[in-house]
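> Chains as they are written, first to last, in numbering that gives the first Met the number 0: chain F, 0 to 48; chain C, 0 to 610.
Treat each hint with caution, since some may be false.
SDA-like mimics (lysine to any residue), calculated; alpha carbons at most 25 Å apart, straight line [unchecked claim]:
#, chain 1, residue 1, chain 2, residue 2
1, F, K8, C, I351
2, C, K54, C, T1
3, C, K68, F, I27
4, C, K102, F, L25
5, C, K102, F, I22
6, C, K447, C, N473
7, F, K15, C, A82
8, C, K107, F, L31
9, C, K535, C, Q376
10, C, K569, C, I392
11, C, K322, C, F104
12, F, K8, C, F104
13, F, K4, C, V81
14, C, K442, C, I392
15, C, K223, C, P181
Just so you know, these hints were derived from the structure itself, not from any lab.
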Amino acid sequence: MEFIKEFWKFLKVRKKYWLFPIIIVLAIFGGLIVLTQGSAVAPFIYTIF
Amino acid sequence: MTKILGISAFYHDSAASIIEDGKILAAAQEERFTRKKHDSSYPFNAVEFVLKFTKNKLSEIDSIVFFEKPFLKFERLLETYVAFAPKGFGSFCKAMPIWLREKLFQKKMLIDQLKKHDPNFKNSEKIFFSDHHLSHAASAFFPSPFEEAIVLTADGVGEWATTTVALGKKNKLEIKKEIHFPHSLGLLYSAFTYYTGFKVNSGEYKLMGLAPYGNPRFVKDIYKLIDVKDDGTFRLDQSYFNYSTGLTMTNKKFSKLFGKNPRNPKSEDITQFHMDIAASIQKVTEEIMIKLAISIRNEFKVENLCLAGGVALNCVANGKILKKKIFKNIWIQPAAGDAGGALGAALALWYIENNNTRIVNKDDSMQGAFLGPEFSQSQIENELKDLGANFEILNEDDLIFKTAKDISEGNAVGWFQGRMEFGPRALGGRSILGDPRSKSMQKNLNLKVKYRESFRPFAPSILKDDLSKWFDMNSDSPYMLIVGNVKAEKCTDMTEEQKQLFGIEKLNVARSAIPAVTHIDYSSRVQTVNEQTNYKYFNLIAKFKEITGCPILVNTSFNVRGEPIVNSPKDAFNCFMGTELDRLVIGNCYLTKEKQAKKLLKDYKERFELD
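Could you put the whole structure together from the sequences, leaning on the hints where they help?
Here you go:
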């Protein structure tokens, strides 16, 4: 819960409300990927970290 | 007394540092403890060390600062995927699980990990998050000897910024300009690191070392990838790169431009083509850095420059900026990579956020970068005894004389003294030393001791006062971050026949009075050694000078290829027994290879994953 509050604060400070629906969709989509994968270990890719 | 703990982690080169009322007390990289190169995990051991060293419990620390802002990074990630969609789906699928499971919840992760140090730690309000490039800039400005300076930081990418210009004055530091992802000088260099078959994030040094063997015939082609303006700002043509959305650095269009696919290090050798590519990207990098330096000098009218960020480890470019005398003084953070962010974040909180007065230390507030663990003589003796080592204990004068004599006779010596260095360079605390006058030393050290590519150069440590007699340099370079040329009178011209030799074969030709530390283009990555910060090492070089007339030693990090620099006497002994090092000097203990039991010899070469 604290995380959501902090993230909301972050969007407010950055004035990036338009990211919110995208984040929701991506989070659901990403969540599905997480659920269908066994491990969160991925190869090291420079920019995604 | 206010104590601040700085942490960098979860990307690469995790580290921890501790400052007390702005004074740097201790700092170390996690890789040195876990023996895993560029370890990116939470720096548990490094935090334990800095706490123990300063005799603090975590609950006694006033603030804890993380070196970057994870939410901002996530924002960049999402916006990049949106901008490039539907391209990048594969990368998205790889990135999301890690972010949604771990990285987005870094604050919670940090708190959980911190509790392992001290169950009494409760106050999550003590945790702060700095900005990646502000951490870099702070690590360069606040320890510098300047009241006022312009700070240039450049690396792969932080949150959004890849290059920043900040203005530092007294205890203030403000970022004035930024270049944002995906336009990145660091990523451009890394793209070529990848293309020439080296590992991104660690092979950049190799590319830089390879450059002098090549002819920069691809410069024009590289400028097709990057649009550089007169002020040094730039934009990369993303149609040639794959790092924003893919799982590689470059794409087919990039390969087509240069006429070859990326080198496969397992099946392909380095050829003149790769050397020419290395020379070209090095030249372009230098040109951009020089343009940037000139434009910020003219714009801000400040005569001091501080540098940090991974690109600041490009000591050849640093040397060129210095040589052009764009700035009166230059100071570079020795831990210019992400490890230094742990220090910068702590300093940023103390000076910028808490608004504390800064008293400029004209000497060296980084204390020669000797900020890591140290071992007492009795600890060293006990550890060596436990390992079954055969050693003698010498008084300091004998130790210095015997070691200097050994080096002058062509022996490779492991040298372990005092506190460990913070940052990627060994500066005489955890070093392998050799005779720079030897024609075979570079090849032998590379192939028999370090087990690394034979083209890689070694750096000289020179007594500060002798610098201008041997190198075309006048200013101090205590952190081995500036490249200069060997003085013409010390160099030997190559014959026409020798000039025709293929790149690496030229190494066999003695090109100066100190061939082991003279690169193919007569350049050298110089470390100046002074008595104040490194007394014992200074004395050793002075004794070597007394014996040979040469005030220089070969200094390379105490490790083999792929291994982090040794931290403890045990690490040093293991490395000694696993390589063809002839002598090991730890504290006042002196070990010779011949006197060690044969059964203690190790197969060391294969132990570490090649970088």
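> Find the hints from earlier in the document that the structure breaks and name them by number, from lowest to highest.
6, 11, 14
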